[in-house]
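Build the full structure now, drawing on both the sequences and the hints.
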Amino acid sequence: MSQSTFAMVGLGTMGRNLALNIEDHGFPVAVWNLETDWTDKFLADHRGAKFTGARTLPELVAALERPRRIMMLIPAGAPVDQMIDKLAPLLDQGDILIDGGNSWFLDTRRREAALRDKRLNFVGCGVSGGEEGARRGPSLMPGGSADAWGRIRDVLEAIAAKTEAGPCVTHVGSDGAGHFVKMVHNGIEYGDMQLIAETYDVLHRGLGLSTPEAGRVFAGWNRGILESFLVELTAQVCAVIDPQTKQPMVDVIQDKAGQKGTGKWTAQVALDLAVAVPTIGAALDGRVLSSLKDQRVAASTVFAATDTGGPFKGRDAAAWHDDLRDALYAARICSYAQGMALIAAGAAEYKWTIDLAEMARIWKGGCIIRARLLDQVRQAFGAGKTPANLLIDPAIAADMQRAAAGWRRVTAAAAAAGIPVPALSASLAYFDSYRTARLPQNLTQAQRDAFGAHTFERIEKPGFQHFDWGLQAE
16 MSQSTFAMVG LGTMGRNLAL NIEDHGFPVA VWNLETDWTD KFLADHRGAK FTGARTLPEL
76 VAALERPRRI MMLIPAGAPV DQMIDKLAPL LDQGDILIDG GNSWFLDTRR REAALRDKRL
136 NFVGCGVSGG EEGARRGPSL MPGGSADAWG RIRDVLEAIA AKTEAGPCVT HVGSDGAGHF
196 VKMVHNGIEY GDMQLIAETY DVLHRGLGLS TPEAGRVFAG WNRGILESFL VELTAQVCAV
256 IDPQTKQPMV DVIQDKAGQK GTGKWTAQVA LDLAVAVPTI GAALDGRVLS SLKDQRVAAS
316 TVFAATDTGG PFKGRDAAAW HDDLRDALYA ARICSYAQGM ALIAAGAAEY KWTIDLAEMA
376 RIWKGGCIIR ARLLDQVRQA FGAGKTPANL LIDPAIAADM QRAAAGWRRV TAAAAAAGIP
436 VPALSASLAY FDSYRTARLP QNLTQAQRDA FGAHTFERIE KPGFQHFDWG LQAE
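Counting in the numbering used here, the sequence shown runs from 16 upward without gaps.
Keep in mind that a hint or two might mislead.
Pairs of lysine to any residue, SDA-like flavour, derived with a Cα cap of 25 Å [unchecked claim]:
#, residue 1, residue 2
1, Lys279, Ala289
2, Lys101, Trp53
3, Lys328, Arg417
4, Lys275, Arg125
5, Lys308, Ala430
6, Lys177, Ala398
7, Lys101, Pro90
8, Lys101, Phe57
9, Lys101, Asp162
10, Lys56, Ala77
11, Lys476, Phe466
12, Lys271, Leu222
13, Lys56, Arg70
14, Lys366, Asp287
15, Lys275, Leu288
16, Lys133, Trp367
17, Lys279, Tyr449
18, Lys275, Leu245
19, Lys279, Pro435
20, Lys65, Ala77
21, Lys177, Arg166
22, Lys400, Gly181
23, Lys366, Arg125
24, Lys279, Val303
25, Lys65, Thr20
26, Lys271, Val255
27, Lys133, Asp100
28, Lys275, Ala291
29, Lys271, Val303
30, Lys133, Ile99
31, Lys308, Pro263
32, Lys366, Trp119
33, Lys275, Pro94
34, Lys308, Thr260
Keep in mind the hints are simulated off the structure, nothing from the lab.
Rendered as structure tokens:
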């Protein structure tokens, strides 16, 4: 069997396209899939390319040059552990296993430690960009040892998306850092998608635009500060017509959205690390509420309709478009700010060295959240700068101040019209809370001490104390 320099385990959508990408860049690839007919079809579809098919895992391992480099693109969870158990006995010291799925980062930490004890390298590598990204150039977030990164760097840099800032891949950090960053990336993606959906709803129900008309507004915004993959994609999908009904395709799609593990994990980890991520939380809630279709339909017959768009009709539409653009932009900044704060907290908790400017750089191409805004994020954390929060970067802060008035008008008008904008509103509350020097949690602390003797700190001196609130009341 001819020698390959890289192997792909799993020939589903992502594995197949990554294998093609790797081979395109001159690396002979050995491939294996649980269903051998998938392997046979893949090889038949790509005759003449530098692929070697393996029907068994020992055949796959035997086909590889050393140190062996094997990437798994298989379902997260138990299947990854099962595959590791099968592959590890076949490998030699220094060989490298790469998990390219969306695995739970604590599982990645556990697996990396276990394989390190066996003198094998394990890399948890986030992959973003979907099917097209995998084929033409994804954003890659590998975590693991520096030695492992050095041995896979040539392949990953070759296949990653390229921007003027370089290939969209970097060594994120040790053990589970790559999968942690990919998890947060997906959380930001949840927030961004919800913000765009709410903005579309205001354009549609508040301002009375048809779906294609709303798409044209998004297309215009994509030529300015909102330039991004998701805004561009929104403009494109809003223009597509359903061949069956001749209606906009978006209009014939059921309004129920699901959610996978990474978005939920982001919110869970944020709670564990005491990092506020209200934009991402609102996006998750939005998807959960959307799934209650039957209940929502029933409730709509109980409550009088208020989503008439009335508050939006007494003002020039172009002015509302500007306000909506500013609201979406400012709220998007909040989503990125929350994500970066969570990555920084994760790095501190798990002793990772993660360069936030590098994360912004590798997200500039290939991935779902690529956006012009990432240039500012990169500058905010570049040159050794470590702002406590993205919001206080001077350039970002100036943009937030400029956008705030329109943002407030949009959320107020949407509330008056009965149009839910949970992520836009949560983002505004996050911004207002972060910029407020004294919040009302002094009352919260007084309540907790009064009913449970939980103690509090006084303004004028450090240290916790309890007050006898019953005596004071008399």
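Status of the hints after comparison with the structure:
Between Lys279 and Ala289 the alpha-carbon distance is near 15 Å, which keeps this suggested pair within the 25 Å criterion. Between the alpha carbons of Lys101 and Trp53 the distance comes to roughly 20 Å, so the proposed pair stays at or under 25 Å and holds. Of the supplied pair hints, the one linking Lys328 and Arg417 holds, its CA atoms being roughly 24 Å apart against a limit of 25 Å. Taking the CA atoms of Lys275 and Arg125, the gap is about 22 Å. The hint holds against a cut of 25 Å.
Restraint check for Lys308 and Ala430: satisfied, since their Cα atoms lie roughly 21 Å apart, inside the 25 Å limit. Distance restraint check for Lys177 and Ala398: the Cα-Cα separation of roughly 22 Å lies within the 25 Å cut-off, and the hinted pair is therefore satisfied. Between the alpha carbons of Lys101 and Pro90 the distance comes to roughly 16 Å, so the proposed pair stays at or under 25 Å and holds. With a CA separation close to 23 Å, the supplied pair Lys101 and Phe57 stays within the 25 Å bound.
For the suggested pair Lys101 and Asp162, the alpha carbons sit about 23 Å apart, so the restraint of at most 25 Å is met. Between the alpha carbons of Lys56 and Ala77 the distance comes to roughly 22 Å, so the proposed pair stays at or under 25 Å and holds. About 23 Å separates the Cα atoms of Lys476 and Phe466, which keeps this hinted pair within 25 Å; it holds. Among the hinted pairs, Lys271 with Leu222 is consistent with the structure: their alpha-carbon atoms are about 23 Å apart, no more than 25 Å.
Restraint check: the Cα-Cα separation between Lys56 and Arg70 comes to about 13 Å, which is no more than 25 Å; the hinted pair holds. Pair hint Lys366 plus Asp287 holds up; C-alpha atoms about 16 Å apart against a cutoff of 25 Å. Restraint check for Lys275 and Leu288: the C-alpha separation of about 21 Å stays at or below 25 Å, so the hint holds. For the hint pairing Lys133 with Trp367, the CA-to-CA distance comes to about 22 Å; that is within 25 Å, so the pair holds.
As the CA atoms of Lys279 and Tyr449 are separated by approximately 24 Å, the hinted pair is consistent with the 25 Å bound. With a C-alpha separation of about 19 Å, the suggested pair Lys275 and Leu245 falls inside the 25 Å cut-off, and the hint holds. Among the hinted pairs, Lys279 with Pro435 is consistent with the structure: their alpha-carbon atoms are about 21 Å apart, no more than 25 Å. Annotation: proposed proximity of Lys65 to Ala77 holds, straight-line Cα distance about 16 Å (limit 25 Å).
With a C-alpha separation of about 20 Å, the suggested pair Lys177 and Arg166 falls inside the 25 Å cut-off, and the hint holds. Taken as a hint, the Lys400 and Gly181 pair is honoured in the structure, with Cα atoms around 21 Å apart against an allowance of 25 Å. Distance check on the hinted pair: Lys366 and Arg125 sit about 15 Å apart at the alpha-carbon level, within 25 Å; holds. Among the hinted pairs, Lys279 with Val303 is consistent with the structure: their alpha-carbon atoms are about 11 Å apart, no more than 25 Å.
A distance of roughly 10 Å separates the Cα atoms of Lys65 and Thr20; the hinted pair therefore holds under the 25 Å criterion. Proposed proximity of Lys271 and Val255 is supported: the alpha carbons are some 19 Å apart, at most 25 Å. Between Lys133 and Asp100 the CA atoms are separated by roughly 12 Å; this keeps the pair inside 25 Å, and the hint holds. A C-alpha spacing of about 21 Å is found between Lys275 and Ala291, which places the hinted pair at or below 25 Å, so the restraint holds.
For the proposed pair Lys271 and Val303, the alpha carbon gap of about 9 Å is at most 25 Å, so the pair holds. Note on Lys133 and Ile99: the hinted pairing holds, with a Cα-Cα distance of about 12 Å set against a maximum of 25 Å. Under the criterion of a C-alpha separation no larger than 25 Å, the hint pairing Lys308 with Pro263 is consistent with the structure, at around 21 Å. Among the hinted pairs, Lys366 with Trp119 is consistent with the structure: their alpha-carbon atoms are about 17 Å apart, no more than 25 Å.
At roughly 17 Å between alpha-carbon atoms, Lys275 and Pro94 fall within 25 Å of each other, so this suggested pair holds. Between Lys308 and Thr260 the alpha-carbon distance is near 22 Å, which keeps this suggested pair within the 25 Å criterion.
Hint compliance for this structure: every hint is met.
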